[in-house]
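Relying on the hints, combine the two individually framed chains into one complex.
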Amino acid sequence: MATHDATGGSLLSAVPTEPEINPLAGVDFNGLEKSLRRPRTLVNVLLSGLVTCMTLLALIPLFSVVWMLLWRGGRNLGLALFTQLPPAPLEQGGGFGNAIVGTFIIVLLAALISVPLGILTAVFMAQAPEGNRLANLVRFSAKVLTGFPSILAGVFAYGALVMVMGGYSAIAGAVAVSILMLPTIMLTAEDAIRMVPAKMKEAAIGMGATKTQTTLMVLLPTAIPGILTGVMLAVARAAGETAPLLFTALFSNYWPMAHHRLNLMQPTASLAVLIYNFAGMPFKNQIEMAWAAALVLVLMVLITNLTGQALSRRQVQS
Amino acid sequence: MAEAIEVADAKAISQPPSGLQRATDAAFRGLCYSFAWLSVLLVVFIVLRIAIDAAPAVREYGLGFLTTRTWDPNKEQFGILPEIWGTMFTSLLALVIGTAFGVAAAVFLSEGYLGGFVFSTLKIFHVEFRPFWRTLPERVEQVLKNLIELLAAIPSVVYGLWGLFVIIPLVRPACNWLHMKMGWFALFGTDLSGPGVLPAVLVLSIMVLPTITAISRDALVSVPPKLRMAAYGLGATQWETILAVILPTAARGILGGILLAFGRALGETMALAMLVGNANVISFSLFSPANTLAALLANTFPEAHPKEIGVLMYAALVLLGITLAVNMVGAFILQRASAATEGGK
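Residue numbers (my numbering), protein chains in the order written: chain U, 689 to 1006; chain V, 99 to 443.
Worth flagging that the hints you see were computed from the coordinates, not collected in a lab. From the three backbone atoms N, C-alpha and C, an ideal C-beta is built for every residue, glycine too. Do not rely on the hints blindly, as some may be mistaken.
DSSO-like cross-link-like pairs, simulated, lysine-lysine; straight-line CA separation at most 30 angstroms [stated by the list, open to error]: (1) Lys831(U) to Lys243(V); (2) Lys324(V) to Lys722(U); (3) Lys221(V) to Lys243(V); (4) Lys221(V) to Lys722(U); (5) Lys887(U) to Lys899(U).
Quick list of the computed label-pair ranges, beta carbon to beta carbon [stated by the list, open to error]: (6) Trp943(U) to Met186(V): 39 to 49 angstroms; (7) His403(V) to Gln772(U): 31 to 41 angstroms; (8) Gly210(V) to Gly766(U): 38 to 48 angstroms.
Next comes chain V alone, as it looks inside the complex (with noise of 0.2 angstroms):
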């Protein structure tokens, strides 16, 4: 008797789904799974519409568009070599300067130094174990590492305006000195008369930085410890421990985030567009007006006429096989490089 009633109560409580559940389940695991084709469907898709959009240009102009250098509407004669210069030259100046700084940086935080500052300031009051001034090393470094990302939330737009008003009247007096005394030097041949590839370069610079620093600093941070005791343990001081083993463990990662940022720097427009002069011209002079694959997007597109957009297009479809192919590069360098450091520990 009190068997029957268990079983039925279990009955009652644990039952088979329903079929409305079932109906729900099959719908949402579908609704899931179409949304995935979607997103791929929508890549796809994006590439395609750029390629058929620039397809009657391409078929018109050929390769001759990359390699020529006027950009006239009237005559209908475009070319492009110009832009895909400055997109080259500045992103990798850019790519340069940051760099330096940026895997600087990427030591600085991977080895504590702040912190280390931090606690022997606070070993002088004998306070470094405290309850609160315990943690306030580890605090600072993470408000220093949170600082170097903001540098990648302000918008590029800002670092536009910022270029404009502080860098540009900052650097131009320097640029102008060194034109009139080294003016024989390729680099120094013209001389700045406001927007240029230096204010363009050294903004790029800054808004590259924080993704090398990301990147670079994971790649230290995960190089396995016992290569460091090793090293220290066979006398070797802490720089020529970074240098001999830390750096080249970490190699592969940092060039990966090097990539990438190049491939943002390939690509980013605001700053460009704003900061870079949009002058149709190849020079190695610093100071001289240039012009990006981007910036002329930006640009030139919302005036342009129904002709040049076809030729618009095509230049976009430029850039995106840049960028995609450095971009692809470094995501499979890196994926590489974590493999790497995963199978040492």
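Bound conformation, chain U alone (with noise of 0.2 angstroms):
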């Protein structure tokens, strides 16, 4: 306290006449600039490039993958590929025309399927007050169903519905990609009528609407580019997934129309399996269909994929 003091009051006297104390005098004004040769700094470049290098290298198989895809995918591209069917070994041409219907129509059913179950539960959870145990138990299966092995999947519909209807169909295939799209679609959906303001669905309420009103004319429809981004990534995963088709839809070398009418209980092709089983085979033509096939199968969910993320830009803006 006193030592304080005194150098206050030398310093009130001596600031007039002459600056004699200056505060900064210690410091080494050269030691604090930004040199390359001092280590601290050093380290902080040499971290700062080694990030930056294992980023971009992180990116190399993405444009390895679609640089593949496009040069040996795309140079087997045509008509044929779309219109014909798959061709027996050593046969030269076909195409995968069956293997798109046929993974239209297991993804759709598998809509049909997790999409309306979803959509109903997730409207339950956000309406649900806060520690609501079936609410939390609902979140805790979404939560276990989202890191389920998507091979695991096709491993309960292989027991639930290929051996009890005795054959492989395409509602197996289906009902097993439904099961892996359930949560994505469940959770977005959940935090996407979470989001919609308050005000909004106590207007509804303060108008007399019931619950069911405020859910269906007001919640929903604000929702709606939430919902559908989950949705989309929920089918752009699906239309990828192999793994629960190959012993559910199984493969088929035939169109799944027969005699003008759509057979779902037989075995079904899919882009999918098509790619997984060509990959195998010795045959050149099998393989360059598999690039051809993989090719329509990324664009396919690209496509999808970016469709959903720009429908998630709107829901931020609203």
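What follows is the structure in structure tokens.
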């Protein structure tokens, strides 16, 4: 205390005449300069460079996959691929029209199962009061399903449907895929409904709307971009799933339509399984076809994915 | 008179819900409630179904199934020790590579390196605050983030195809050279004759990377900015701040992300079924073929005879148990992490 007073006093007396005491006197200004010769700065720059290189390196596979798809898949792409049936071994030409149709059928069926179930469950979760036991239970099971290995969905559908119905079918495949779609739809729809401003909901209730009217006329229409994003992401994932289809929908070399009637109870081809089957074959034609099918599949998945992301941007703005 | 008319109008406009509206309300609520139960029961049913189908095999083979290594349908001898080993070996290796690159990418994204680079490039041309150019750094960052997320959007069977025709030919000469020069080292104990652990691990690490990056980035971004400011104020360099303040604060979130990625790697099927070689061997070598639980299911199930199906269900049950445990721990840690950072704000 005393020394402080003394220095303070001396400062006051010294300032008007000459600034003798410089508070920055002991600081080495040259030492503060950013110089690569100093280890601290050097480490900083090196680590920044390392992180940059690793990020770029991590993107190389993406570009490599895209390049290979465009190069090896793109050069085989033709109209015949979309209209013809898969070739037999050693046969030239052919296509995978039935696999494209099959993928659409399976994904559509799966969406028919998982979208209503997912959205209505999400409505329940979003409306349930904080700490509702059932809502927490549903959220827990959605989390369990999120980390559920896709092959196990196939094992389940095999045990529950294929063994019971006595044969591989598009329906068994769709059930397996819908299990994998469900958590994405459920969790994104719940978030989207929760993000609807509370005043909109309160206004509806204040005007005397029942809970159902509030949900159907206010909450769901406002939340629809977010819900659709979830559905799109789930559909994109479903289209690319192979493992759950391997022993549920199996594969078929024929069209799913026979005699102008759609048969859902027979083995059905899908693009993903076609790629898996053809990639392991020792025939050049089949391998080239696998690449072309991969290109078509990735394009389908990416377009669905990007549409979903575009929709989610609209959600944030509203 | 006028008042009476007003009241009559008000009565005409506002009225209690009609019987039909009440009925639909009750029905819709009941529907939502029952669908919520339905989705819970679905999960219970899935687990029970696999468990019940596996029960005969569990009774017959017991715990010995997990510790023996022969798989012979003709002698009805089954053991999945090599598959458990292969699953763990490939997943852990992929996790090491995926974590290194994934966390690096997350730091790169959360520190805004690319945005900073674009900004300083624009500065050279003095356009960094002009209407169009002003938003460019942020948009470039967003593109990079989307590109890394695109890695997750590519179906795993396409990665398998790519691994077969790009990765295997690419790494094969290097692997065989390593085996010739350093064959005494356990990791290089065999040569790579086609599919094997290393190609599978490389592809698997690419597949888990987006998960790790996305969750780690979220964890890094949610570190309260005042911690960073305080570190800079004390004179720390950027990387001293990252290593001593930001990463430790975000550690729990990153760990949760790594565990979720581990769960994903354990259950990943197609890329492994195509690349791992499906050989019933236990080896430390990176170049030897191996097998995983998911790949075993994918490859054996379609042609299995009824006796084998039960055994495969047992294998599925084991896989289910392992992934569920890993995912639970991961989700739990993530929940704790987000609660902790919210408390710190």
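Cross-check of the supplied hints:
With a C-alpha separation of about 24 angstroms, the suggested pair Lys831(U) and Lys243(V) falls inside the 30 angstroms cut-off, and the hint holds. Distance check on the hinted pair: Lys324(V) and Lys722(U) sit about 24 angstroms apart at the alpha-carbon level, within 30 angstroms; holds. With a CA separation close to 23 angstroms, the supplied pair Lys221(V) and Lys243(V) stays within the 30 angstroms bound. Proximity of Lys221(V) to Lys722(U) is assessed by CA-CA distance (about 20 angstroms); at most 30 angstroms being required, the pair is judged to hold.
Distance hint between Lys887(U) and Lys899(U) is fulfilled; the C-alpha atoms sit about 15 angstroms from each other, no more than 30 angstroms. Judged by the Cβ atoms, the range 39 to 49 angstroms given for Trp943(U) and Met186(V) holds: they are separated by roughly 43 angstroms. Checked against the hint of 31 to 41 angstroms, the pair His403(V) and Gln772(U) passes, with Cβ atoms roughly 34 angstroms apart. Range check, Gly210(V) to Gly766(U): Cβ separation about 45 angstroms, and the 38 to 48 angstroms hint holds.
In terms of the numbered hints stated before, the structure departs from none.
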